[in-house]
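Protein chains in written order, with this note's numbering: chain A, 1 to 125; chain B, 1001 to 1236; chain C, 2001 to 2590; chain D, 3001 to 3115.
Hints in this document: simulated from the structure, not taken from any laboratory. Model, not experiment: these values are computed from the prediction. Just so you know, even glycine gets a beta-carbon here, dropped at the ideal spot from N, CA and C. One thing to keep in mind: the hints can contain errors.
Computed from the model, here is a short list of chain B residues facing chain C with C-beta under 7 Å [to be verified]:
no.: 1; residue: GLU1014
no.: 2; residue: ILE1076
no.: 3; residue: THR1188
no.: 4; residue: LEU1192
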Amino acid sequence: MNSKRPVNLDLSTIHFPLPALTSITHRVTGVILFVGLIFGFWALDASLSSPEGFDAVRDALAHNVLAKLIAWGLLSALGFHFVAGIKHLLMDAGYGVDLEGGNRKAQITVVISAVLVVLAGVWVW
Amino acid sequence: MSNLQVSVYRYNPETDSAPYMQEFQIDTQGRDLMVLNVLTMIKDQDSSLAFRRSCREGVCGSDGMNMNGTNGLACITPISDVVKDNKLVLRPLPGLPVMRDLVVDMNLFYKQYERMQPYLQNDTAEPAIERLQSPEDRDKLDGLYECILCACCSTSCPSFWWNPDKFVGPAGLLQAYRFLADSRDTATSSRLAELEDPFSLFRCRGIMNCVSVCPKGLNPTRAIGKIREMLLSNAT
Amino acid sequence: MSTMRNLTFDAIIIGGGGSGLRAALELAKSGKKTAVLSKVFPTRSHTVSAQGGITCAIASADPNDDWRWHMYDTVKGSDYIGDQDAIEYMCNEGPKAVFELEHMGLPFSRFDNGRIYQRPFGGQSKDFGKGGQAARTCAAADRTGHALLHTLYQNNLKNNTVFLDEWYAVDLVKNANGDVVGCIALCIETGEVVHVKSKATVLATGGAGRIYASTTNALINTGDGIGMALRAGFPVQDIEMWQFHPTGIHGAGCLVTEGCRGEGGYLVNKDGERFMERYAPNAKDLAGRDVVARAMVMEVLEGRGCGENADHVMLKLDHLGEEVLMKRLPGIVELSKTFAHVDPVKAPIPVTPTCHYMMGGIPTNVHGQALMQDGDGNDQIINGLFACGEAACVSVHGANRLGGNSLLDLVVFGRAAGIHIEKSLNEGVDYLDATQSDVDQAMSRMARWNESSGGESVHDLKTELQNIMQNAFGVFRQEDNMQEGVKQLGELRERIGQAHLGDKSNAFNTARVEALELDNLLEVAEATAIAALERKESRGAHSRYDYPDRDDVNWLKHSLFHPGDKTVTKREVNFTPKTVDTFEPKIRTY
Amino acid sequence: MVTNITNLGRSGLSDWLIQRVSALVLAVYALFVVGYLLFHPNLDYATWSGLFAQTWMRIFSLLAFISMAAHAWVGLWTISTDYLKHTGARFGFQAVVILAIFVFLVWGVQVLWGA
């Protein structure tokens, strides 16, 4: 007899409702933001170090496509993490902790953060 | 056409080194059968298929399984609720070891339930008649005591998948709150103490998969929030 | 199987439903080495499906309520073949057992004064039938069985009861003296077969409603304990008495609690007429279940049934209002939506009498000790064997059980069996060990299936059996149909003896369990059929066209079916309660 | 009770609270910085460095950095205990995270008060 039992945990076969998707995205954006802190601190350090440093950051954000992408990515992650974080705080306070409320809050989270992602793109470019 | 395509997770530890999916064709004659009926029809074709069932009316919690990606009870899930493109995919509850086919080993799940000391504790002397309880206090148990231990919630919970030995899971926590909320129970502080660590309760991330799959319409996420409130007001 | 493992306990309780868990709790508290062996995880047992409540004179709804009134109702409900000493014990001990359950945490619904909520149920009266309808059924909404079973399981956890979950008892092991000294059991998960040795073996295996095609019973209700007892040569009592619950959901068979009518619901025919007023002018919809079920069948037979095939009636609840329904009957609303596609808040539920409860079973005394008859017709205790719950026939239900009395039966007699076993273990009871040939004897049936190499399928044979029972042994019965049924069952026995187990694997082989269950279904079905043919009268649930009247001269008796020669003998009904006067048989009207 | 020695507040409740409080600080800080940048589209070095020369801004920033450190640790520790089942891998990951947080903190202090 095969003693090592299999576990059915092939995530591709499991349906995830919207609140679950927003939850995992919250986690992923958190990790992205942590890694992105390198750029944040670099930019802050450089921009405060000297007028030349400030200009360098400014120029990079104005002309360097990679820098723009990174800035847009981080702002998007921040936007989502921020909105989903508010959703968490609302749930902690007991608002919308039911099936309907959970779904609606997840939908609102997606819509608002989508808007923020677009706005962040507009700002960066 | 009323031929339903059913794809079933198969695994027999005596003969199979790994699980596989087996296809069946079931003639539903156009009826909106329950998934359990479909399983019974498959078993008539192939008696080696293993699955649990008992009450066939959604109150015993035996036949929890994953149907087209969503956990639920086979006996009260009409195929029209889950079938997509005429295809029904049946897999065991996720995250627990598979004994055979659709039967999972629920021991970890039960252990977490037992850890919550799921019985009334009252250190006062028993009266000659029943303990009195106001209808309002009794109402607080509604939505809690109805749990049938089917494990649909806990096995849909990613937090339980990753830490089934440490995170109590939605079912156990719902039970914990069922006793915390009972005006007749006096073990509040020891019950809360058991839950204060970073895993037992706090590993809940508010994903709410539990709420979306509970066949009895219960809300473990809310119960977890209530326990957290109790912990918070106890500690601050 | 020479290397078969032995497991040894002081007591083994077969069945993890209400009565088994209640007995186990008593023994676990006493520190005896006991185990509950159950083919399903205990909270999946059929007790979980009980809805309406547990009937008991706790004097909550009416402070003047009296257990003697409950006793009167129960004796009358049984159509006078319930044993009055047992009914007295149940009704008198009942309040204690119910209060215990409350202390264990059972979440009963409540009245405003904080006491346990009680609702009216069928066949209940005040003042020995003279004081009108009583409300005596203690309820946890319409999930009383669920609440009760979980509470008992939880308290067994608290008291560290040993559980053999998903183990299947195959057959009893008897020693050379005919004492029961354990059983053969199959671990479903691994396929291992063990010899469980014990000084007390308790059959708490529940009912066998699955002998009928249409039943409110769970799929697991296959009469395993009855089958085991019959194969061991022990008799069963009043096994012809099968209760048809008036309100099973038409088509699906799921139970709709009598509590619906207790809360004010009523039955209507296709003309919208509340027909029970004609059949039971006083109690109306709250007459005994046998009375209501027959009335429903009569309505259908006389062409007043509802639906396309005019084959059912309607249970009207919508007038009670959404608030009452959601508060008192939330489970019914759920079930009705799922299985009848009807929202009872808005429309009536299609219902039909459906096999529900086995009044008969293994004859026992009030201590749960199983009984047989010696050659002179005297009761004889079977050493080592106990029964409680639906598998037992104490007999408190006689020919017709009252609603809410089954849950009371479970806890009162589960507890009583536990108390008695503890006492006899303390007295050092011991029996001769079983020999290898005794064990082989108990293994023979299982061995037969394991060696089968061809034959008909379990599923087809089961379906055939259920149809025979449904057609010949339903609400109304008559000689020629039943004779034909007995004959068909005899042929079926031959074929089942040759049937084929296709899957012989070990790990979680549910096909093997279903095959073993089929043997038990057959035993119960045949006992039912032969006993029903023998009882030439109409009493309680046993209603014959050819003998429409009750015959107290010849049949104010228990029937006793003996499996060896398949004969039926009679056994005296107890008419001597200890503390009250005998309730003499009267004409039974509601 | 599940015991664990590597979480921040030594109890799930305090971790939970720390996570919420730090989140609020970070939310306000993020809003402020983003808002400031939006309202100063033609920001120059003098204005920018002037902002960070003020004591309240330095304290506000430091508070935000410390909150970041706590928030990130609680979050990443949770992630490590969810997905990394191998003790060595989990411990290694946690060590890298702690180091990174330490570096960020020192870096932040240096940016604020250095030079």
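Right, here's what the structure says about each hint:
1. GLU1014: 5 Å, holds
2. ILE1076: It holds, given that the least Cβ distance between ILE1076 of chain B and chain C is near 5 Å, below 7 Å.
3. THR1188: 14 Å, violated
4. LEU1192: This interface hint is violated because 18 Å lies over the 7 Å limit.
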